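Asks: Let the sequences and hints guide you as you build the complete structure.
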Amino acid sequence: MMSHLAFAIDMQALPGCHRSMTDDSLPVVKPERELLRRIRQGEIERYADLIDQHQRHVTRIVRPRVPSDRISEVVHDVFVRAYVNLGQFSESVPFDHWLAGIAIRTCYDFWRDRARHAVPVSSLTEEHHRWIEQTLSVQSDAQFRRQTETRDAAEVLEWALQQLSPENRAVLTLVHLDGYSVREAAQLLGWTLVNVKVRAHRARQALRNLLQHISFGSAS
Amino acid sequence: MNQHTDIDVHKLERTLIDSYRSRSSASDEVDVTEQVMRDVRRLDIERGGWTPPAMLDQLIWRTATRAAAVVLIVAMLTVGLFRAQSDGPALMAEDFESAPLFGDW
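Protein chains in written order, with my numbering: chain P, 160 to 379; chain G, 5 to 109.
Calculated directly from the structure, the hints in this document are not laboratory data.
Keep in mind that the hints are not guaranteed to be accurate.
[To be verified] Where chain G lies over chain P, by a calculated footprint (3+ residues, C-beta under 8 Å): (1) 209-218; (2) 222-233; (3) 287-296; (4) 309-316; (5) 343-356.
Quick caveat, the model's predicted, so the values are computed rather than measured.
The beta-carbon is built from N, C-alpha and C at its ideal position, and this holds for glycine as well.
Replies: Here is the structure:
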């Protein structure tokens, strides 16, 4: 019973929850400003330097949010979108943070587009149900770690996220999975604080209902 | 029973979150520079090689606001002037009306 309770930790309290949307590996700011100025003045070939600098950062944001076979496509869209909107970048925030907002919104648009075209969602297989059973019977930390590393874990999470609306998915990913505050999530999505707060609560509740449903289904 | 279900849900939730985070920290490289630059060049040609400067939005809005204020002032002055001019003939008409007509003699 104690080992069961050990898992009942609020995930907001977990260390290392928060993922930075600014890229700490970028030490220089002034040359970047100069680079941006030159691109805006028409030296578009310099944009390739900017892509090279921020590609890893954008990929790190996009990777967990879209299917693995669509990562390149979405990263590409992020940079094209950033170029088109370069005139709106005010330099009041770091460039990588501004780019992170575009990446988040591009991923959200990706799921909105899929929902609009009614792409069928995957269903849980026998292996997934077996994985759920194994997870529920986990007793040690080593077993728990093994369970998180399987492909089934990623697929079950993907299945659960696919059941949510694109809006709830975007908020749940930012607030509950990445560990951002409601305020930060609102800034990245460009939504109001109240909207994000309400959606975060509803989305978490929807996820918990889904998990309750599948854990009960697997147990029975 | 309910407590048991809650613990199960927590356990599943925690496992899925950890799985998500381990996936996020994986580092497979993506290189889209070539494709993006191809599209950027195409966009640039479509826009005639002109990229809107950063302050353009602000400039447009400020100019529009000032132009609107000037138009409003000019309109108010014009209306005022027109009224002043139209008062003249009205007074003349009053003079004519006060003068006796031929038939009134």
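Asks: Looking at the structure, which of the earlier hints fail to hold?
Replies: The structure conflicts with hint 5 only, although it agrees with all the remaining ones.
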